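Novice: Below, each chain spelled out in residue letters.
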Amino acid sequence: MSLPQKRYFRQRAHANPFSDHHLDYPKSPAHIDWSSHYPAFFTSQTTEESTSLLSSTREDTKQSLSISTKSSNLLIDESLIKSQRKVEFADLGCGYGGLLVALSTLYPDTLLLGMEIRVKVEEYVREKIHALRLQHPGQYQNISIIRMNAMKFLPNFFEKGQLSKMFFLFPDPHFKTRKHKARIITTQLLAEYAYVLRVGGIIYTITDVKELHEWMVKHLNEHPLFKRIPEEETNKDPVVFHVSQSTEEGKKVERNNGEKFLACYVRIEDPYRMQENS
Amino acid sequence: MSFRLPFTKLAHHPTKNLLILCFGSHFQAIDTSTGVLLATTQSSFTSIKTTTNISTPSTTGPAEAVNLLPRPKHVLSSEEAHTELIRSIAFNAQGTCMASTSENKVLKIWDLEEKQWKLKNSRSVVKRVVSLVFDQTGSKIIVADKFGDVYRSFPIDLPENNGKTSSQLLLGHVSMITDMTLTPLNKYIITCDRDEHIRVSRYPNAYNIESFCLGHTHFVSKLHIIPWAADFLISGGGDDFVALWDYVHGTLLQTLDVKQFVDSQQESESITADKSRSEEASEEGIAISAITSSAVSQHIALIIEKLRQRFPGIIILRWEADQSRVVYHNTLELESDPLDIAYDLFGNLWVSITTSEDEKEKERPTFLVNLFRQAVNDKYDKAANDDPLVKEINQYGSMLGNEENIDTLPDLYPIGQLRKAGTDWRVQRNQDEDYDDVARSLEGELASSSDVNKSKRKKVKTK
Chain A
1 MSLPQKRYFR
11 QRAHANPFSD
21 HHLDYPKSPA
31 HIDWSSHYPA
41 FFTSQTTEES
51 TSLLSSTRED
61 TKQSLSISTK
71 SSNLLIDESL
81 IKSQRKVEFA
91 DLGCGYGGLL
101 VALSTLYPDT
111 LLLGMEIRVK
121 VEEYVREKIH
131 ALRLQHPGQY
141 QNISIIRMNA
151 MKFLPNFFEK
161 GQLSKMFFLF
171 PDPHFKTRKH
181 KARIITTQLL
191 AEYAYVLRVG
201 GIIYTITDVK
211 ELHEWMVKHL
221 NEHPLFKRIP
231 EEETNKDPVV
241 FHVSQSTEEG
251 KKVERNNGEK
261 FLACYVRIED
271 PYRMQENS
Chain B
1 MSFRLPFTKL
11 AHHPTKNLLI
21 LCFGSHFQAI
31 DTSTGVLLAT
41 TQSSFTSIKT
51 TTNISTPSTT
61 GPAEAVNLLP
71 RPKHVLSSEE
81 AHTELIRSIA
91 FNAQGTCMAS
101 TSENKVLKIW
111 DLEEKQWKLK
121 NSRSVVKRVV
131 SLVFDQTGSK
141 IIVADKFGDV
151 YRSFPIDLPE
161 NNGKTSSQLL
171 LGHVSMITDM
181 TLTPLNKYII
191 TCDRDEHIRV
201 SRYPNAYNIE
211 SFCLGHTHFV
221 SKLHIIPWAA
231 DFLISGGGDD
241 FVALWDYVHG
251 TLLQTLDVKQ
261 FVDSQQESES
271 ITADKSRSEE
281 ASEEGIAISA
291 ITSSAVSQHI
301 ALIIEKLRQR
311 FPGIIILRWE
321 ADQSRVVYHN
331 TLELESDPLD
341 IAYDLFGNLW
351 VSITTSEDEK
361 EKERPTFLVN
371 LFRQAVNDKY
381 DKAANDDPLV
391 KEINQYGSML
401 GNEENIDTLP
411 DLYPIGQLRK
421 AGTDWRVQRN
431 QDEDYDDVAR
441 SLEGELASSS
451 DVNKSKRKKV
461 KTK
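Here the protein sequences come in this chain order: A and B.
According to full-length UniProt numbering, the first sequence holds residues 1 to 278 in order.
According to full-length UniProt numbering, the second sequence holds residues 1 to 463 in order.
Check each hint, because a few of them may be wrong.
Computed Cβ-Cβ distance ranges for the label pairs, DEER-style [said to hold, decoys possible]:
hint: 1; chain 1: A; residue 1: 10; chain 2: B; residue 2: 284; range: 50 to 56 Å
hint: 2; chain 1: A; residue 1: 254; chain 2: B; residue 2: 139; range: 53 to 59 Å
hint: 3; chain 1: B; residue 1: 70; chain 2: A; residue 2: 180; range: 51 to 57 Å
hint: 4; chain 1: B; residue 1: 78; chain 2: A; residue 2: 227; range: 50 to 56 Å
hint: 5; chain 1: A; residue 1: 134; chain 2: B; residue 2: 328; range: 42 to 48 Å
hint: 6; chain 1: B; residue 1: 124; chain 2: A; residue 2: 268; range: 48 to 54 Å
hint: 7; chain 1: A; residue 1: 259; chain 2: B; residue 2: 408; range: 36 to 42 Å
Hint data in this document are derived by calculation from the structure and do not stem from the laboratory.
Since we're looking at a predicted model, the values are computed, not measured.
The beta carbon of each residue, even a glycine, is placed where N, CA and C say it ideally should be.
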């Protein structure tokens, strides 16, 4: 199977995050069946078990997990543990999925999810992942894509502290002042990102629009739950190369000799709570 | 057509026997222990006479027909009143002041101290407010707006003339916020939106989200912390059920189907009537437009809006403390649709009802307020219409100057409009649509809807 051709999947670059799209989203993270996204990680023997686990409530999941680990008595049921694996990296507005493909082989045991609001772009990435899996048996099983509005429905997909990395690569700049609320980094939305990101998890932002970079830095700096990672540290992060080079947008900027602005932030404990405790 | 303007919003004082009734841009206050009208912002009321058609037969003598109603203790200047429909109202915990907001983005703080009753100050807010609440110190007021943001405005008292308020962004949803509540000890602020979410944020560090309560499949319109069991939250909206939550952990504890009680009520009413109509109505969704409770009876009362066929009743739920859950208690029947409900300090339930029929053509006058007294065995007795507690307020009505009736009613059922238009996404999933055409910005939507409201409101003027 050959890779899909991008020219058949073109769509306008902008989608309105505020309107009621026909989106399919779960009631809560407990209502998602991830086995269709990562079949290799949710093997057929455990499909029934895992889906029943996933469809039950969080409390039930914990309970049945503790029961089964008890009953297997130190013999850890590997497939069950695999089926309990959760998405850890999320690429918000993943576009044509360049980063997902690049990180897939770099982190083969981590589940990565791309999120894209544009129907055709999502379709392209889905077909691309499907083709890659067929072309490279055993590989690219850990990446998937979902069509969704991350500004509205992120908590429907991820539990508190589930993610360890979030990517915001070349987001829509929304230049007009009245459109600033549509930007993906805002004071309000950072609270939701901090909710799904565990303490120590990292937000990666990159853009070729200086004004947007300054906006993102300003809002992240002002948010009490994020702290900027100094440049010398980000340079050591193996992900940063791909953040800058692996996406379609990143390559385009490169071709045009444009400038790229990177900013990475780590999720920290709430300083307010620490004050309270001390 | 001519209508009596109904009371669209009720709010009971936290510690005193005082009920605020909003109508249009005005409000009145009654003493819930005596039924006496205490205050009004309608200062031109003095010329109002008791009209014969709403007096009880025994008092329709010619002498009484020209009697003036007693003057309320506190008459607030009409110039200080709101100029547009009052949508939200809140008391501070101390009960010393009250805040109200109207459709034209004005927030007013009223001093309720005995013998004072005056407008403290008036400030403008950025967007139209959907919910407001004082923090427990009473020094700050928190407003949630239609745009999805929650701000904290302070101070409450402004120095004369050049007083300035500070406004601080607490949190925001990328959706229309529909309701907001603060937990009794102010540890959490809870907000809900049109996109099925209930968000529990810490307070005052609201940038730190404690949990999400997820399980609704349609908009959430009302949140209610159970006052005597403050770890529990009840929510309702466009779903057929009310949900009970352990909100700190975001755990759904119970869903109670309330639509069945609405349907069964309507079926029993329309046994002889057109059957297909009641079937049609039962397929249609409901919208919960009010949730309130009384610590006296541990009852929770609900108002339900239906789209085509209204529901003239109030659903009462009972709290079962040993099992920490709600159960159906009974349904209180009304002559017309309820608009808002409030319990007083004795556990009596005050209900404002709509005036759907043309006053002139009606033989019986419409009463605007009903009262259900808390009786023995957890039952409710409906107060007669000449009961002293409701007589005065029903005679008074909601008078707009010298003219009592209006031509067009304001929009009394805003909650059902929160339902998302078009086909349910669960039915019409993965449709390949060009949503660039469909897409309208939130600002656009709000602007157009407010335009519609404006044009509606313009008609609500006295003849």
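Novice: Hints first: check each against the structure and report whether it holds.
Specialist: Okay, the hints, checked on the actual structure:
| no. | hint | result |
| --- | --- | --- |
| 1 | A:10 <-> B:284: 50 to 56 Å | violated (41 Å) |
| 2 | A:254 <-> B:139: 53 to 59 Å | holds (54 Å) |
| 3 | B:70 <-> A:180: 51 to 57 Å | holds (55 Å) |
| 4 | B:78 <-> A:227: 50 to 56 Å | holds (54 Å) |
| 5 | A:134 <-> B:328: 42 to 48 Å | violated (56 Å) |
| 6 | B:124 <-> A:268: 48 to 54 Å | violated (36 Å) |
| 7 | A:259 <-> B:408: 36 to 42 Å | violated (59 Å) |
Of the numbered hints given earlier, the model fails hints 1, 5, 6 and 7; all others are met.
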